[in-house]
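Asker: Listed below are the residues making up each chain.
Protein chains: 2
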Amino acid sequence: VTPFDPNVPVPLFILTIGDELLSGERVDLNGPWLARTLEPLGFVVREMLTVGDEEGPLMDALSRALLLGGLVVTSGGLGPTSDDRTRDVVARLLGRPLQVDPDIVAQLEQRYRARGLPGTPEPALKMAGVPLGAETLPNPRGVAPGLAIAEGNRRCVLLPGVPVEFKAIVESAMIPRLDAWFPHRAPGPVSALVHTTGIAESVLSGQLEPALAEGGGLAGASWAYRPSLRGVELRFSAVGGEAPAVLQELLRRAEPVLAPYRIEAGSGDLAEWVLRLCGDRNWRIALAESCTGGMVAARLTAVPGSSRAFLGGVVAYDNRVKQDLLEVPATLLNQHGAVSGPVVEAMAQGVARRFGAEVALSVSGVAGPGGGTEAKPVGEVWFALSSPLGGVSWRQRFPGERDEVRERATQHALHRMAQALAGSSPISG
Amino acid sequence: VTPFDPNVPVPLFILTIGDELLSGERVDLNGPWLARTLEPLGFVVREMLTVGDEEGPLMDALSRALLLGGLVVTSGGLGPTSDDRTRDVVARLLGRPLQVDPDIVAQLEQRYRARGLPGTPEPALKMAGVPLGAETLPNPRGVAPGLAIAEGNRRCVLLPGVPVEFKAIVESAMIPRLDAWFPHRAPGPVSALVHTTGIAESVLSGQLEPALAEGGGLAGASWAYRPSLRGVELRFSAVGGEAPAVLQELLRRAEPVLAPYRIEAGSGDLAEWVLRLCGDRNWRIALAESCTGGMVAARLTAVPGSSRAFLGGVVAYDNRVKQDLLEVPATLLNQHGAVSGPVVEAMAQGVARRFGAEVALSVSGVAGPGGGTEAKPVGEVWFALSSPLGGVSWRQRFPGERDEVRERATQHALHRMAQALAGSSPISG
Numbered sequence: 018v019t020p021f022d023p024n025v026p027v028p029l030f031i032l033t034i035g036d037e038l039l040s041g042e043r044v045d046l047n048g049p050w051l052a053r054t055l056e057p058l059g060f061v062v063r064e065m066l067t068v069g070d071e072e073g074p075l076m077d078a079l080s081r082a083l084l085l086g087g088l089v090v091t092s093g094g095l096g097p098t099s100d101d102r103t104r105d106v107v108a109r110l111l112g113r114p115l116q117v118d119p120d121i122v123a124q125l126e127q128r129y130r131a132r133g134l135p136g137t138p139e140p141a142l143k144m145a146g147v148p149l150g151a152e153t154l155p156n157p158r159g160v161a162p163g164l165a166i167a168e169g170n171r172r173c174v175l176l177p178g179v180p181v182e183f184k185a186i187v188e189s190a191m192i193p194r195l196d197a198w199f200p201h202r203a204p205g206p207v208s209a210l211v212h213t214t215g216i217a218e219s220v221l222s223g224q225l226e227p228a229l230a231e232g233g234g235l236a237g238a239s240w241a242y243r244p245s246l247r248g249v250e251l252r253f254s255a256v257g258g259e260a261p262a263v264l265q266e267l268l269r270r271a272e273p274v275l276a277p278y279r280i281e282a283g284s285g286d287l288a289e290w291v292l293r294l295c296g297d298r299n300w301r302i303a304l305a306e307s308c309t310g311g312m313v314a315a316r317l318t319a320v321p322g323s324s325r326a327f328l329g330g331v332v333a334y335d336n337r338v339k340q341d342l343l344e345v346p347a348t349l350l351n352q353h354g355a356v357s358g359p360v361v362e363a364m365a366q367g368v369a370r371r372f373g374a375e376v377a378l379s380v381s382g383v384a385g386p387g388g389g390t391e392a393k394p395v396g397e398v399w400f401a402l403s404s405p406l407g408g409v410s411w412r413q414r415f416p417g418e419r420d421e422v423r424e425r426a427t428q429h430a431l432h433r434m435a436q437a438l439a440g441s442s443p444i445s446g
Numbered sequence: 018v019t020p021f022d023p024n025v026p027v028p029l030f031i032l033t034i035g036d037e038l039l040s041g042e043r044v045d046l047n048g049p050w051l052a053r054t055l056e057p058l059g060f061v062v063r064e065m066l067t068v069g070d071e072e073g074p075l076m077d078a079l080s081r082a083l084l085l086g087g088l089v090v091t092s093g094g095l096g097p098t099s100d101d102r103t104r105d106v107v108a109r110l111l112g113r114p115l116q117v118d119p120d121i122v123a124q125l126e127q128r129y130r131a132r133g134l135p136g137t138p139e140p141a142l143k144m145a146g147v148p149l150g151a152e153t154l155p156n157p158r159g160v161a162p163g164l165a166i167a168e169g170n171r172r173c174v175l176l177p178g179v180p181v182e183f184k185a186i187v188e189s190a191m192i193p194r195l196d197a198w199f200p201h202r203a204p205g206p207v208s209a210l211v212h213t214t215g216i217a218e219s220v221l222s223g224q225l226e227p228a229l230a231e232g233g234g235l236a237g238a239s240w241a242y243r244p245s246l247r248g249v250e251l252r253f254s255a256v257g258g259e260a261p262a263v264l265q266e267l268l269r270r271a272e273p274v275l276a277p278y279r280i281e282a283g284s285g286d287l288a289e290w291v292l293r294l295c296g297d298r299n300w301r302i303a304l305a306e307s308c309t310g311g312m313v314a315a316r317l318t319a320v321p322g323s324s325r326a327f328l329g330g331v332v333a334y335d336n337r338v339k340q341d342l343l344e345v346p347a348t349l350l351n352q353h354g355a356v357s358g359p360v361v362e363a364m365a366q367g368v369a370r371r372f373g374a375e376v377a378l379s380v381s382g383v384a385g386p387g388g389g390t391e392a393k394p395v396g397e398v399w400f401a402l403s404s405p406l407g408g409v410s411w412r413q414r415f416p417g418e419r420d421e422v423r424e425r426a427t428q429h430a431l432h433r434m435a436q437a438l439a440g441s442s443p444i445s446g
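These protein sequence lines are chains B and A, in that order.
Under the working numbering, the letters of the first sequence match residues 18 to 446, in that order.
Under the working numbering, the letters of the second sequence match residues 18 to 446, in that order.
Since the hints were made in silico from the structure, they are not lab data.
Pairwise CB distance ranges (calculated):
id: 1; chain 1: A; residue 1: Glu226; chain 2: B; residue 2: Pro155; range: 29 to 35 Å
id: 2; chain 1: B; residue 1: Gly408; chain 2: A; residue 2: Gly373; range: 29 to 35 Å
id: 3; chain 1: B; residue 1: Thr98; chain 2: A; residue 2: Gly373; range: 58 to 64 Å
id: 4; chain 1: B; residue 1: Pro416; chain 2: A; residue 2: Leu210; range: 26 to 32 Å
id: 5; chain 1: A; residue 1: Glu418; chain 2: B; residue 2: Ala131; range: 27 to 33 Å
id: 6; chain 1: A; residue 1: Ser284; chain 2: B; residue 2: Asp36; range: 25 to 31 Å
id: 7; chain 1: A; residue 1: Ser80; chain 2: B; residue 2: Ala197; range: 32 to 38 Å
id: 8; chain 1: B; residue 1: Asp36; chain 2: A; residue 2: Gly215; range: 28 to 34 Å
id: 9; chain 1: B; residue 1: Asn170; chain 2: A; residue 2: Gly112; range: 33 to 39 Å
id: 10; chain 1: B; residue 1: Pro155; chain 2: A; residue 2: Gly169; range: 49 to 55 Å
Heads up, the beta-carbon is just placed ideally off N, CA and C, and yes, glycines get one too.
Using the sequences and the hints given, assemble the complete structure.
Answerer: Have a look at this one:
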């Protein structure tokens, strides 16, 4: 008989151990990876906790983990050195004395000899200690095996912290062990990720919340907003027997609000969408960038196969380059300044001619921190786009400092390109 | 009277909040960054805990944090949406009702108008709620301010989770607040950061460890390696009464090993160093990029004031662009291929002529995933550099996938430019 309710996911507590994590010198990636790996298998993370190598705090953290988690997985502290204490602390906490496992002793011996050593170094023998009644999980990528322990109605797995070893043991030995321990667990949540751009989080939620509420509450439904400089990512989830239908209904309700802002690329990358829209029509892109200084080009060329639709661009940082390479008339620069509608239009036309491109985009703005005026403050950016569908120029003001203005301007440029080329925002002169 | 022992560092509890962290969709970097930032200031992290957006677990975690930490810092859950609950939970836990702060209301209004909205969206008003007696910490990079609360002999700071906002508030407002709260705390370790590039972690440690050991052990000394695609960052630390002298001695021992790989810019940014080297001589830079697709230009233009030394560049992704704009002879392209010494040399000469630049750099390589051959596999990149000191071209092979090859090639290009211009690696034809 399993002591777990087979109708809910198993609560999972992840404990990562190491002074180098606590001091911020290393960032733990095992915890997030494990969460992503086990969630679809019917485990739901309740807490991720990081503690150092000291014995007292480690003991406290482990007791607490065993109190909260149906399943506890630890990462780190299983190595051969004096600051590796997980094995001892677990043995003491659970009253299970460590016993030397002759199979591990033999594997250690073999491994060290293969590395050219005369035998197992004395401190490494520590790794052959197994708490009474624990099962060992073989380590295909290193020396310290994982340890699986059933304690009352709790289950605990101790794993080494080196990421390749951690992952290898999870995949080859831990997941089969979990299937045996929790044969009847509930299915994990189903979820869908929607990438949006061009709308502030608070504006989006102001529109989305009423839309999602319309028609009454949905059992087991949840959603979360994740803002970044590139836009807001939305994650819709549902749990329970009706999960797939509930998720469909959530997405149906959200659709009218999200449509204008949704990024139509699986990866959530606007650059990929822009390249696909051009590639489909055999149109080729050229760029003329001033304040974004190559960032739009870098985004497009980050996509594998971008050469199909992307010809190249000019980073026209100096005004002389705008004149010489893009043939922007000096009179326009003198009369309107480099950050102006007439200049970005001339830049787009110039680069389209030079490169023989169907689609041309130009950007010129005041990224700061210097160079702002009352009429053209830091954050003011002009764009022009020309394509067989027509030509347009516009101005946008971005908040933040230099990095943020440049990043937002890059994302905005790609967004407007995608919208214009997808036909959801008509291009007009 | 401060309730804290001035002879020991203040225990710090870091609580990061968000379903996206618990599910592993996002990796928390705020916690590690904060630990690295506050440790030298006399705070020592006891635990880093991640919980989701749910109210119950958040309430539990916060009570526990206040029990354990002299200082508690939270990240996340201060935004405008329904899953942002930190503010409410703290208000309830501490019995401090939320009060609307008219200053924040005014700032919100200003910020949303600046973004072209008619006023503050209703859900955003939530961000103006301040627990009774809390102090607000202005957010220079976003809308939600931080909140600082003194509760008995505990101190608590709530911060938004968006990394740029989190960091900006910590640096501009939280650290001064901590100095006022904990005026007599014990000094933290002294440390020095050395940015290196162009050497692998294992090779560096193989040379550095014996050098640091020479002359005997140093009490209170420690060092750590942090590898990334841009290079290895080294942190040397010392604690105790002799800390400054110990640190000096560590750096003296390390110097001969580090010199060839050290980045001579306080920020650790090679782009800044390159711009300074050119700016000092009134030399101006032009770039011709193929596989890096604008990334070198983006790095240079990220530095404020880069227009003093940077003219611009051509992203010559398509071979036609290499011919038309950079005047690379078709015969060279046909005979040697785009990824070759003769072609990068012609690209550098072409862009130098076009832009009237003293310093020209070109890059052409196979970034992958497609396009590799046995003779020119994925990761093979050619570079050429010309300046009044001379001209040189060379080939380098980088490991990894597309993103990694591009990032490494960009960093390598800047590194070799800096070395050549600084005279530490002679340019020769």
